[in-house]
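Engineer: Residues per chain, in single letters:
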Amino acid sequence: MNENDLNILLRTNKPVVKDDPAFMLKARQRMSAVEGIKNEVDRQRKHALIALSVTLLIGVAAGILIAVFLLLAPIDSIRALIGEWKLYIEVAVSIIFTLIAIYLGNGISVFVRTIPVTSLYLRETGSRVP
Amino acid sequence: MTEERFIDLVRVEQEPLRRFLLALCGGDSALADDLAQDAITRAYVASGSYLGLSSFRTWLFRIAYNCYVDYSRKKHPELVPIDGKDTWNLPAEETSDAAFRYQQINQALERLPEKEKAVIILFYFEDRSIKETASILGIPSGTVKYHLSMGRAHLKELISL
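Heads up: the protein sequence lines correspond to chains P and E, in order. 1 is the number of the first residue of the first sequence in this note's numbering; add one for each residue after it. 131 is the number of the first residue of the second sequence in this note's numbering; add one for each residue after it.
It is worth saying that the hints were derived from the structure and are not from the lab. Don't take each hint at face value.
Here are the simulated DMTMM-like cross-link-like pairs (lysine to aspartate or glutamate), alpha carbons at most 20 Å apart as the crow flies [as the list claims (entries may be wrong)]:
#1 E:K286 / E:E240
#2 E:K245 / E:E256
#3 E:K275 / P:E3
#4 E:K245 / E:D158
#5 P:K26 / E:E133
#6 P:K14 / E:E133
Which stretches of chain P does chain E cover? Using the computed rule of at least three CB atoms under 8 Å from a CB of chain E, they are [what the hints assert, rightly or not]:
#7 13-19
#8 27-36
Not close to chain E: a few residues of chain P, all C-beta gaps over 10 Å, as computed [as the list claims (entries may be wrong)]:
#9 D76
#10 S77
#11 E84
#12 F97
Quantities reported herein were computed from a predicted structural model and do not represent experimental measurements. Quick reminder that beta carbons are idealized off the backbone N, C-alpha and C, glycines included.
Taking the hints into account, I'd like the entire structure generated from these sequences.
Structural biologist: Next comes the structure, spelled out in structure tokens:
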């Protein structure tokens, strides 16, 4: 077989695809599903971001209040207060830190749960696509 | 790119896309359509990052080819057609001679290395230029020419009419 025969053979025997109206319908359904997943991922990420921001703000505010209290209050009164409330403060601190840990853990778990979907999104928007 | 614009572009390209994948999949139309759906979904997810550096068609075909490569890498031996599908959705009015030619071409293509097969399909079946083929497959133009030359030589040996 020469070059020309092969050329003619290949160009005149292209595969034929069946006309399938359901194809585009299915494609649209999949696009809608993708849109739903994208919205859900965005919503969860937004919630997680808000939760982390609120935690950060509470932490900063609490720190400022404690710093102001320590700077303004007389040293003797602080010693007296700490001595009087030492046990209660220790208990309260452990409870507060436990609650903060739960709060942060919840925020982190939201990120972790969205990783499979977001990784697909990031992979598809990555360098492989021109 | 809006969803409607994307759908309009896909509607225009869906037939050549399915034909390209049909040829790559050795005539398995169900698998080709599944891969085409996968490619369209991936393209939709990535449509926000489409910069228009290449034509939409080239971009979509490149994603489709990557889908096919991903599938080929993880496919199980039992899913590989043993002797290739024999019809390529041959129209009913086609003669048995045409069916025989389809089958011969299909079987010959199945025996080519992946890159040669893809280059032959894009160049002859989809009428793509060397440059477009290079862009779709992510290889230099010189490499496309090499694969095209090797593919032709192999096909000449494999197809006897």
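Engineer: Flag every earlier hint the structure violates by its number, smallest first.
Structural biologist: The structure conflicts with hint 6 only, although it agrees with all the remaining ones.
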